[in-house]
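Dock chain Y against the given chain G, drawing on the hints supplied.
Number of protein chains: 2
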Amino acid sequence: MLNDEQKNESDLGSKDASYVIDKQKMAIVLSALASGNRVDLTEVLEPLHPADIADIIEQLNTTDRARFIRLYDTEFYGDILSEIDEHIREEVISELKPDVLAEAVRDLESDDVVDIVEDLEEEQKETILSALDEGDRVAVQSLLSYPEQSAGRLMQREVVMAPEHWSVGMAIDFLRNDANLPEQFYHIVLVDPRLHPVGNVSLGKLMSSKRSVLLKEIIEDVFQVIPADQDEADVAYAFKQYHLISAPVVDMENRVVGVITIDDAMVVLDEELEEDIMLLAGIGDSSVSDTIIETVRGRLPWLAVNLVTAILASIVIAQFEATIAQFVALAILMPIIASMGGNAATQSLTVAVRAIATKDISSTNIGRVIRREVGVGILTGLIFAVSMGLIGVFWFGTAMLGVVIAISMLINLVVANLAGTTVPVILEKLGIDPALASGAFVTTVTDVVGFFAFLSIAGILLL
Amino acid sequence: MLNDEQKNESDLGSKDASYVIDKQKMAIVLSALASGNRVDLTEVLEPLHPADIADIIEQLNTTDRARFIRLYDTEFYGDILSEIDEHIREEVISELKPDVLAEAVRDLESDDVVDIVEDLEEEQKETILSALDEGDRVAVQSLLSYPEQSAGRLMQREVVMAPEHWSVGMAIDFLRNDANLPEQFYHIVLVDPRLHPVGNVSLGKLMSSKRSVLLKEIIEDVFQVIPADQDEADVAYAFKQYHLISAPVVDMENRVVGVITIDDAMVVLDEELEEDIMLLAGIGDSSVSDTIIETVRGRLPWLAVNLVTAILASIVIAQFEATIAQFVALAILMPIIASMGGNAATQSLTVAVRAIATKDISSTNIGRVIRREVGVGILTGLIFAVSMGLIGVFWFGTAMLGVVIAISMLINLVVANLAGTTVPVILEKLGIDPALASGAFVTTVTDVVGFFAFLSIAGILLL
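Sequence lines, in order, name chains G and Y.
According to the numbering used here, the first sequence is numbered sequentially starting from 1.
According to the numbering used here, the second sequence is numbered sequentially starting from 1001.
Looking at chain G on its own, in the form it has when it is part of the complex (with noise of 0.2 Å):
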């Protein structure tokens, strides 16, 4: 049991107003699983929601883990398993005993239990989808014919739908008489009777307006319908976009098949960004809770691409050996050309990746875009090759050597931004995700670009 005052701070405010855990629920947590105590346990995590129940089980290392869930079994309901990072929900599923397991799924609306198998191996998948009744089998079972990441993976199949010609007091008998209604729902869908979308009527609405008014004449300005097939990045796009909270999802024929609701979107809008950042930075898909060998997966095909663009960088300066023999000089300054060039390459690359995927760039302002990172880096060309210039003339006391500096700076800026800008506009137009591959052929780019102005202009003016 807990004493007085740990109780005080199991109280709804799960985390702090920072929303990180409570150090000491987390030790009281740790201490119950070091002690096997399954009240304590119960106590502390009971007011918790069940997304900071997921956090606790993600920081836990794998032995504590696998305590907490045998400790934690008759609680262990299907929210916190939906909640819970896709790279420990394996190693939690199969720590589940089958029948913990059958008990928690059976809770989950169809769409987070897609969620959960999606990703899960085929032996996993058939423990799951078995333990459904059929109903829910079925329904769990249609949505995963959609294609992966598409909007039929991320729609609900429960649409609360009224005919077109309803009035509001013949939809509010209607609801207040369904005993099915969702969990959650803000719109009633309005079709025609070959299923069609034809509108949204919010609830507010229908609470403020007249029995005798017809669903027609309320509905909101703004309305979405998705395709099912549609991507669900896209569909994150339109919600932000559009400001929607749910939007109908229909299937080829534009019958209605489910719908979306913002908080789903949300989670794809926050799943793309953060997606975007690790491709950026040259890493696969990761997260804090993986082990050593999953994260070097992770992290080694951009560390094995990006050893082939140095060597190529190495191979560029070997051609240059005698110069440098003679000027070692130019060895200690090639670091700064280099670096210069690949931060203002990172820049306009980033800039350039995220106007992509916000549909910020098109055929109407590409040209002016380009233009404008040329422009950049002319100036800031100038700026740092006079700045870096008289370095250069102070430092080894050579004008000579200071122009060099100045000269190949400016053209590995210019060289720099207008790779970062036009690479990813062109690797997207061929279909290749910009945010994956620029970085690696924009680097070779200033890199090999850069090297080899530096040197060749040294090898001129200085020898």
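One thing to keep in mind: the hints can contain errors.
Straight-line C-alpha distance at most 20 Å; calculated SDA-like pairs for lysine to any residue [as the list claims (entries may be wrong)]:
hint: 1; chain 1: Y; residue 1: K1240; chain 2: G; residue 2: F174
hint: 2; chain 1: G; residue 1: K216; chain 2: Y; residue 2: R1176
hint: 3; chain 1: Y; residue 1: K1210; chain 2: G; residue 2: F174
hint: 4; chain 1: Y; residue 1: K1240; chain 2: Y; residue 2: E1274
hint: 5; chain 1: G; residue 1: K359; chain 2: Y; residue 2: D1290
hint: 6; chain 1: G; residue 1: K359; chain 2: Y; residue 2: F1174
hint: 7; chain 1: Y; residue 1: K1125; chain 2: Y; residue 2: V1138
hint: 8; chain 1: Y; residue 1: K1240; chain 2: G; residue 2: E275
hint: 9; chain 1: Y; residue 1: K1240; chain 2: G; residue 2: P47
hint: 10; chain 1: G; residue 1: K240; chain 2: Y; residue 2: Q1184
hint: 11; chain 1: Y; residue 1: K1429; chain 2: Y; residue 2: A1233
hint: 12; chain 1: G; residue 1: K23; chain 2: Y; residue 2: I1426
hint: 13; chain 1: G; residue 1: K240; chain 2: Y; residue 2: V1138
hint: 14; chain 1: Y; residue 1: K1240; chain 2: G; residue 2: V20
hint: 15; chain 1: G; residue 1: K23; chain 2: Y; residue 2: D1290
hint: 16; chain 1: G; residue 1: K210; chain 2: Y; residue 2: I1378
hint: 17; chain 1: Y; residue 1: K1240; chain 2: G; residue 2: D270
hint: 18; chain 1: Y; residue 1: K1359; chain 2: G; residue 2: M26
hint: 19; chain 1: G; residue 1: K210; chain 2: Y; residue 2: F1174
hint: 20; chain 1: G; residue 1: K23; chain 2: Y; residue 2: R1368
hint: 21; chain 1: G; residue 1: K210; chain 2: Y; residue 2: S1208
Some chain G residues near chain Y, calculated using beta-carbon distances under 8 Å [said to hold, decoys possible]:
hint: 22; residue: K23
hint: 23; residue: L181
hint: 24; residue: D234
hint: 25; residue: M266
hint: 26; residue: E275
hint: 27; residue: D276
hint: 28; residue: V296
hint: 29; residue: R297
hint: 30; residue: A318
hint: 31; residue: M340
If you are wondering where the hints come from, they were derived from the structure by calculation, not from laboratory data.
Idealized CB from N, CA, C, for every residue including glycine.
Below, chain Y without anything else, positioned relative to chain G:
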């Protein structure tokens, strides 16, 4: 006037399946602007969502933008203004005629007006505030009294509240008779007599419950109250973490003063992630529509910091001038060491920065995360030590050179991963945004350590 074929294009789907602005539509806009054809312009824009019209305005060049605003002034409504990127909003506002501007802002809800005026110069701010009715102006000024980027700035003041002892029937009658309901609301907030929030009732639940049921019997399981001074990033986190749709905002005395809805939280989440992406790439606040000067201003600070760190690295190299003069192969290989270290550091830095932002690193797992990163450094270090060592031996025919590269690659990757993880954590503890400042520190550490290790080991083993 548009011909039929052009008209067919202007249907509800303002953008194609992937929501990119339609080329043809843009062509009509541009030709209408060139010929000053107000009718065509109005006709092509009429079916579009204000967010899409705002996108079109953003993609125009400055001359066309001014023309657009002159030609479209009678139609220019508030929602377009609130959708326009804040970077060009000032430009648009100064182009709008005062009466058009006044008319436009009068349409808007108080939180949208706040969103517009908070970034404006004092003079423009006054123009807009004076255009508002007395009541709206007071509402906007009261929201502006909350700190920037706080929940208070984000909330709307119009809250639908009900006393905690009310029944479903009483609430329904109240909603039906209240003419002043907000445009969008999803919950009724139950309050005690002192206006302290005690629970949320969803409209769906309200509609499907019997009139005699008490509201407090059907409150939502998840109920999160947001303090008005909470940072908006934490608000967005709470909405994502707890799948909130709306949450009441309270003042210091725990009285309800407003409500935040998920669509606003989603915009904040998006902005926060975009900001982190830009900061990680060393870019200040920026947009594709920025001018060259604005862009340079956003990028120069990081390039300048980078120049300093690059010079530090060069100073380290300069200490080994004699060694390099004897072994030019070292100059050829140096960039490989720097580049691999920089990339490994970026990887672990990005993971750490994001884990801090998503509150996935805590005192419970920080030790484990650092140990893992060191492990990753050792493992990747060994892999690239062996491969690059072998390449070095074959390339230059000196076995000892391979050993030098191998050892320094290992040291460099371990240091890179260690610094990449610990620097953001330390900066966070010091209250400095890790996304902003980590890059500079970590680059300096990896460059300096990398070059020093490589060249000093070379000095010992090769000479």
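Exercise for the section: Sort out which numbered hints this structure fails and list those numbers smallest first. Expected result: 1, 6, 13, 15, 16, 26 and 29
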